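Participant: Each chain, written out:
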Amino acid sequence: MTDKTALAMSRRRLIQTVGAALGGAGAYQVMTRLGFASESPYRGPIRLDGDPKGASVVILGAGLAGMTAAIELERAGYRVSVLEYNDRPGGRNWTIRGGDVFTELGGATQTCAFEPGLYFNPGPWRIPYHHYAILDYCRRFGVALEPFVQLNHNAYLHSSSAFGGKPQRIRDVRADFIGGVAELLAKATRKGALDEEVSTEDREVLLEALRSLGALDKDFRYRIGEDSAAYRGYAKGPGGGLGAEPVDGEPIGLNDILTSRLWRGLENFDYYDFQTTMMQPVGGMGRIGEAFARQIPDRIRYRAKVVAIRQDETGVSVAFEDLASGGTAQESRADWCVCALPLSILSQVPINVSSPMKAAIDAVPYATVVKFGLQFSRRFWEEDEHIFGGISYTDLPIHEISYPSGDLNTGGKGVLLGGYTWDGPNSYEFTAMSPAERVRRAVEFGAQIHPQYPKEFENGVAVAWRRVPFTLGCAGDWSDEARKAHYNDLCQIDGRIVLAGEHASYIPAWQEGAILSALDAVQRLHKRVVAS
Amino acid sequence: MKRVPRFVAAFVAATAIGQSVLADDAPVKSAPMSRGRQFDEHGGADLFANVCAACHQPDAKGAVGAAAYPPLAGDKKLASADFMLDVLFRGLRGMPPLGSMMSDEQVADVANYVRTHFGNSYPGAISAAQASAARRRTPTP
Numbered sequence: 001m002t003d004k005t006a007l008a009m010s011r012r013r014l015i016q017t018v019g020a021a022l023g024g025a026g027a028y029q030v031m032t033r034l035g036f037a038s039e040s041p042y043r044g045p046i047r048l049d050g051d052p053k054g055a056s057v058v059i060l061g062a063g064l065a066g067m068t069a070a071i072e073l074e075r076a077g078y079r080v081s082v083l084e085y086n087d088r089p090g091g092r093n094w095t096i097r098g099g100d101v102f103t104e105l106g107g108a109t110q111t112c113a114f115e116p117g118l119y120f121n122p123g124p125w126r127i128p129y130h131h132y133a134i135l136d137y138c139r140r141f142g143v144a145l146e147p148f149v150q151l152n153h154n155a156y157l158h159s160s161s162a163f164g165g166k167p168q169r170i171r172d173v174r175a176d177f178i179g180g181v182a183e184l185l186a187k188a189t190r191k192g193a194l195d196e197e198v199s200t201e202d203r204e205v206l207l208e209a210l211r212s213l214g215a216l217d218k219d220f221r222y223r224i225g226e227d228s229a230a231y232r233g234y235a236k237g238p239g240g241g242l243g244a245e246p247v248d249g250e251p252i253g254l255n256d257i258l259t260s261r262l263w264r265g266l267e268n269f270d271y272y273d274f275q276t277t278m279m280q281p282v283g284g285m286g287r288i289g290e291a292f293a294r295q296i297p298d299r300i301r302y303r304a305k306v307v308a309i310r311q312d313e314t315g316v317s318v319a320f321e322d323l324a325s326g327g328t329a330q331e332s333r334a335d336w337c338v339c340a341l342p343l344s345i346l347s348q349v350p351i352n353v354s355s356p357m358k359a360a361i362d363a364v365p366y367a368t369v370v371k372f373g374l375q376f377s378r379r380f381w382e383e384d385e386h387i388f389g390g391i392s393y394t395d396l397p398i399h400e401i402s403y404p405s406g407d408l409n410t411g412g413k414g415v416l417l418g419g420y421t422w423d424g425p426n427s428y429e430f431t432a433m434s435p436a437e438r439v440r441r442a443v444e445f446g447a448q449i450h451p452q453y454p455k456e457f458e459n460g461v462a463v464a465w466r467r468v469p470f471t472l473g474c475a476g477d478w479s480d481e482a483r484k485a486h487y488n489d490l491c492q493i494d495g496r497i498v499l500a501g502e503h504a505s506y507i508p509a510w511q512e513g514a515i516l517s518a519l520d521a522v523q524r525l526h527k528r529v530v531a532s
Numbered sequence: 001m002k003r004v005p006r007f008v009a010a011f012v013a014a015t016a017i018g019q020s021v022l023a024d025d026a027p028v029k030s031a032p033m034s035r036g037r038q039f040d041e042h043g044g045a046d047l048f049a050n051v052c053a054a055c056h057q058p059d060a061k062g063a064v065g066a067a068a069y070p071p072l073a074g075d076k077k078l079a080s081a082d083f084m085l086d087v088l089f090r091g092l093r094g095m096p097p098l099g100s101m102m103s104d105e106q107v108a109d110v111a112n113y114v115r116t117h118f119g120n121s122y123p124g125a126i127s128a129a130q131a132s133a134a135r136r137r138t139p140t141p
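Going down the list, the sequences are from chains A and B.
Heads up: the first sequence is residues 1 to 532, going by this note's numbering.
Heads up: the second sequence is residues 1 to 141, going by this note's numbering.
Everything labelled a hint here was simulated from the structure, so no lab data went into it.
Be aware that a few hints might be false.
Claimed, not checked - Straight-line C-alpha distance at most 30 Å; calculated DSS-like pairs for lysine-lysine:
(1) K61(B) x K358(A)
(2) K61(B) x K76(B)
(3) K413(A) x K358(A)
(4) K484(A) x K455(A)
(5) K358(A) x K484(A)
(6) K358(A) x K77(B)
(7) K166(A) x K358(A)
(8) K527(A) x K484(A)
(9) K527(A) x K77(B)
Every value quoted in this text rests on a predicted model; they were computed, and no experiment measured them.
From just these sequences and the hints, can you work out the full model?
Facilitator: Right, here's the structure in full:
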């Protein structure tokens, strides 16, 4: 055992000991002091101590926020009921599989024709390692996860107007950009241009670092040779036997990378939200919503469209239409209400809350997002191009193509994420098309990156979130100014009503935001109930 | 730092790169799509069909789900040019401020188109100058 391992072991044992003595919160505090667990406010499973004395809560929306609230409140002794517009749990946590039928606003219906086992996540599709809450629930509810490949060095960066429209490997662009910049910086350093900023001692270290991380050669040049090849790979890779010697490749000139704008794609691999390790549920993101729903059997009433929320001194009445019986008017009443409806919906539902909270509900535009799932007769990206998972980014209207992270190297058919637009003109333009036209265009655009597309394409689905009947949009699109003016008002407990959802978090559009928002809401609500 | 999800950060800000080769090379005739952060469509009909129709539907009759997109056809509120321009520049509840992705001319064109089609016939054409004034009176979001 090395010293490092021994230290790690003793730290872990200390945490376990303290954790056993103090409970989860104690363990968390120790972990924080030792330098772990500082990225997320999640402190492990919440504890709602104190007797709610049979209080009832009606929860609106069976997405992850609503179901989190329902699970935790029921566990604490509340009588809970959940009203959900859809005929399934999960909300935006949603996986489309072969045979699934989806009708969008406007009436267009798509029937997914994917092979058994293949799927497409129209909503959330990846989980960062620092989203501790959703990871904890997945562990507790038995949702199997697998790695989600965000950065694949062998995927592409593509510009329709650079390099003759030929996609470039991320590996090459990344190594050559860093190498080119390192060479420039080394040149400036050696000329003394940075002498005012860098001490003599640091100068030598800086040059050493630039050579190491920038793949510079002994003359501090970034050029064809074994140094650059060690990062960017080879024109002809090393083999076995005769003629096996590798051939180095010619780096792309820094000027070409700069003018191509391909460097813009690299940020997708460095943002905190996208850093490794990312994860996904085996078999589709919808597995999480299904697992949550299993925790509260018979508590969710499906096909219930909320049409009015009215609170008084003793409770909250929620008027809803029972869509299963042609829209019959119904009412649900409880002592308290956790409303996890998206603001795009809630802003249209009559509700008697304070005017600042109502102003907050009305203040958040929703993102316009379109995603495409395309099935191909073979996994040509793996077989022909050796791309196993990951994402190619492009300046075409589809913006990106993501290769499946599961079932790698198994042959057979596969489903790509054939495009993902987030706001901007293309999102509206795709939404305004029929689903069939969206798919046709996604195949047409994708063929510029993968010429195999036209021959291998079999069928596809396209989900335009603005036309999704249960959300009328993708996620809360807060501006900094709106957040400053309204966020705190949105998160208050207003009489007997509290809101939850990704829109009530600083992690908008992520499932983690929905869960953390719900946990915070039910803890504050519970405190009020126990005190009353 | 603006706390927005960075999902599609890659090339969406690109405007410096050249025009698409698509229109010439595409085997099937496809309507062009915008190349940057601003809508490239021109004329009220084209803008309506590619932007407004996404939610309000091609017949401007709106759609109903868990909540609704109101019909623009027969909407009496559109008689007020100021109301319409303010909605386009400020957004309304879940609706984003789409005017921020259009020029003053485009905003005037699409507003006039909606005000004179789908059974609407409101007098008083909106000018680009009016749109410009509405843009200037829009508070920072």
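Participant: Which numbered hints turn out to be false for this structure?
Facilitator: 3, 4, 7 and 9
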